[in-house]
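Enquirer: Keeping the supplied structure of chain A fixed, place chain B upon it in accordance with the hints.
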Amino acid sequence: MSLRAGWSGLAALFAVALCAVAFALRYGIWVDAGPGPGLFPLIAALLIVIASPAVALELARPVPAQPDTGDEHVGTPGRLLTYMAVALAWPFLLEPLGYAPASAVAVLVLLVAGGVGWIASLAVTAAAVGGSYLLFDTLLEVPLPGSDWF
Amino acid sequence: MEVFDGLIQGLGVALEPMNLFYCTIGVFVGTAVGVLPGLGPTATISLLLPITFRLDPTGSIIMLAGIYYGAMYGGSITAILFRIPGEAATIVTCLDGHAMARQGRAGAALGISAFGSFIAGVVAALGIAVLGPTVAGIANRFGPAEYAALVLLGMVLITQVSGEQSFPRALVMIGVGFLASTIGRDMIAGSQRFTFGNLYLEDGINIAIIAMGMFGVAEVLILAERHIMGGGFRTDPGRLSDLLPTRQDWRESGGPIARGTVLGFFLGLLPGGGAMIASFASYVMEKRLSRTPEKFGHGAIAGVAGPEAANNAAAQGTFVPLLALGIPSNVVLGVILGALLIHGIPTGPMLITNHPELFWGVIASMLVGNTLLVILNVPLLPVFVALLRIPQPILLPLILLFCVVGAFSLNNNVTDAIVMGALGIAGYLLRKGGFDPAPLILAYVLGPLFERSVRQALLIGYGSPAIFITQPISAGFIVAAVLVLLVPFARRRLWPPAAAILGGRQ
Chain A
1 MSLRAGWSGL AALFAVALCA VAFALRYGIW VDAGPGPGLF PLIAALLIVI
51 ASPAVALELA RPVPAQPDTG DEHVGTPGRL LTYMAVALAW PFLLEPLGYA
101 PASAVAVLVL LVAGGVGWIA SLAVTAAAVG GSYLLFDTLL EVPLPGSDWF
Chain B
1001 MEVFDGLIQG LGVALEPMNL FYCTIGVFVG TAVGVLPGLG PTATISLLLP
1051 ITFRLDPTGS IIMLAGIYYG AMYGGSITAI LFRIPGEAAT IVTCLDGHAM
1101 ARQGRAGAAL GISAFGSFIA GVVAALGIAV LGPTVAGIAN RFGPAEYAAL
1151 VLLGMVLITQ VSGEQSFPRA LVMIGVGFLA STIGRDMIAG SQRFTFGNLY
1201 LEDGINIAII AMGMFGVAEV LILAERHIMG GGFRTDPGRL SDLLPTRQDW
1251 RESGGPIARG TVLGFFLGLL PGGGAMIASF ASYVMEKRLS RTPEKFGHGA
1301 IAGVAGPEAA NNAAAQGTFV PLLALGIPSN VVLGVILGAL LIHGIPTGPM
1351 LITNHPELFW GVIASMLVGN TLLVILNVPL LPVFVALLRI PQPILLPLIL
1401 LFCVVGAFSL NNNVTDAIVM GALGIAGYLL RKGGFDPAPL ILAYVLGPLF
1451 ERSVRQALLI GYGSPAIFIT QPISAGFIVA AVLVLLVPFA RRRLWPPAAA
1501 ILGGRQ
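Residue numbers (this note's numbering), protein chains in the order written: chain A, 1 to 150; chain B, 1001 to 1506.
Bound conformation, chain A alone:
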């Protein structure tokens, strides 16, 4: 667990909860016949607001050092950022490029970023994209996104 991520996450969730309280009050907490549309968003947001100080206290407490497991290299931000960028960009490419080309680009980038050689990357990309296309589009008849040229 990262302390900075813990504090950032808590701050973000707390801010979301405060905004939700404001919106919930606007939706209406109680109407003539009973609970209004805002009651449950308010309860949910208050749950976050009320529990947040206890989480903040936990985060403020010193944490004992974690033992080193020895089998991993922690801290490869370049690889992580590549994965994040691909996870976000991939769906945006599906419609303009079509499923197969967009997925081929995304899988190839991830394989190369993971240190897989070019020939192996190309072979795995072809097998994965071709196989998934056959499984979903041909066998299961899930219409995958296509472009004008593919």
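For the record, the hints were derived by calculation from the structure and aren't laboratory data. Beta carbons: idealized from backbone N, C-alpha and C, even for Gly. Where hints are given, some of them may not hold.
[What the hints assert, rightly or not] Which chain A residues stay away from chain B? Per the calculated CB distances, all over 10 angstroms, these: (1) Ala15; (2) Ala60; (3) Pro101; (4) Trp118.
[Claimed, not checked] Partial selection, computed: residues in chain B whose CB lies under 10 angstroms from chain A: (5) Asp1056; (6) Phe1142; (7) Ala1180; (8) Asp1186; (9) Gly1338; (10) Val1405; (11) Val1414; (12) Met1420; (13) Gly1421; (14) Val1454.
Expert: Quick look at chain B alone, frame taken from chain A:
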């Protein structure tokens, strides 16, 4: 004797060559869709519904039921291997099942899941035959107050299922899940909440998108950051005989499977209960009963055996309110009810009298289907486990590929895949901050049912919350929820852990 005769008649129907064929197709397709993220049993059953028009009613319901409980087992495979729950009911399996896989015990986890599900399935099928029609009468007494109290109990149980996460963090995540479940059209007033004029948000976000993002994509990002050499898993032995659960595993799993089966069966009978509540109720119970509760979340086999037995028993138990009362407990059963109605078969108390071949045939097919699930899946254990030997730099892009296709295939909508990617990054950041997404997802599933039930109950009670404590069933669930919440605190106060006592003496 009547039950025995009925089962014999049912076995005669279920073992007819064509019905056996439909059952095999059902459990095979169910396992496959459970393994593939996104394409869940609801979508599959809906897609296959037109095909069943050409079959006889018994054959079609046998096939659809096979898909339903086959998907329950299939969902466990990806939950154990890749921490991607195929179904909401298998979220709990991720906690200890995946931890076992990381310790090189994926085979034992998958094996105990298969055998536990089989035992639970067989016992539940017999339970349906013996107790079902009688116990189903209780479901008739369920109104909004009872639903609300049952879901409240479920919500309280969630706080106990959060692995290493503290109680306040679990509360925060429940709040987030609950808040997220209110996005979209308000089901009673019809007004929009948190949609900001966006059409995509009007129907809320599909649970599969959240599960795939928060579990699947987030797990990929965490593994990508760690850059573990090799597959990232301690390797399992290759032979099937070495993969199966050991005697010690069976000793540790026997009790949890038995308790999970009974708990799951009875929760399955209750409308609104279902497989998900059953699985995490079983997990909480096993953790409470265990002499080594600290092992839970770190690869305790009881944390896989109990919930897996419970979710399979509950999945089958849900057929009792469907067949005996015509009440579908979840969306999948709603679609199956649709299939029955299309065939002109009204469900309800008269079903057993008017269509005994269908009622007993479906129950007996569950015995046959669970046997087929074990026969199909146990020999495949080495294949499933071999997936973990794929080097991580190759495995992670493949998991992401299946998540993207799975997300898109839900509604043929690219926005689903975009939201899943964004939620994956949010899930990664939350997990880095020590927030486990499991309570969030469970609260997201239960939230709408809880809100609808509470609001309906308050409308019936003219705004007075007294309705929740004046109804006996509802009051019972509320007392149970309070006990679940308070007993651990009282236990710590009255019986401090041995370590604390020893620490004090030193």
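Enquirer: Now tell me, hint by hint, if it's right for this structure.
Expert: Results of checking the hints against the structure:
1. Ala15: For A:Ala15, whose nearest Cβ neighbour in chain B is about 12 angstroms away, the distance exceeds 10 angstroms, so it holds.
2. Ala60: Correct as stated: the minimum Cβ-Cβ distance to chain B is 13 angstroms, above 10 angstroms.
3. Pro101: With a cut-off of 10 angstroms, A:Pro101 remains clear of chain B, as the shortest Cβ separation is near 14 angstroms.
4. Trp118: At about 13 angstroms from chain B, A:Trp118 clears the 10 angstroms cut-off, so the statement holds.
5. Asp1056: Interface hint status for B:Asp1056: violated (25 angstroms vs cutoff 10 angstroms).
6. Phe1142: Since chain A brings no Cβ nearer than about 20 angstroms to B:Phe1142, farther than 10 angstroms, the hint is violated.
7. Ala1180: Constraint on B:Ala1180 satisfied, holds at 8 angstroms.
8. Asp1186: 4 angstroms, holds
9. Gly1338: 21 angstroms, violated
10. Val1405: Holds, about 6 angstroms.
11. Val1414: 5 angstroms, holds
12. Met1420: 8 angstroms, holds
13. Gly1421: 4 angstroms, holds
14. Val1454: At 7 angstroms from the nearest chain A Cβ, B:Val1454 passes the 10 angstroms test, so the hint holds.
In terms of the numbered hints stated before, the structure departs from hints 5, 6 and 9, listed from lowest to highest.
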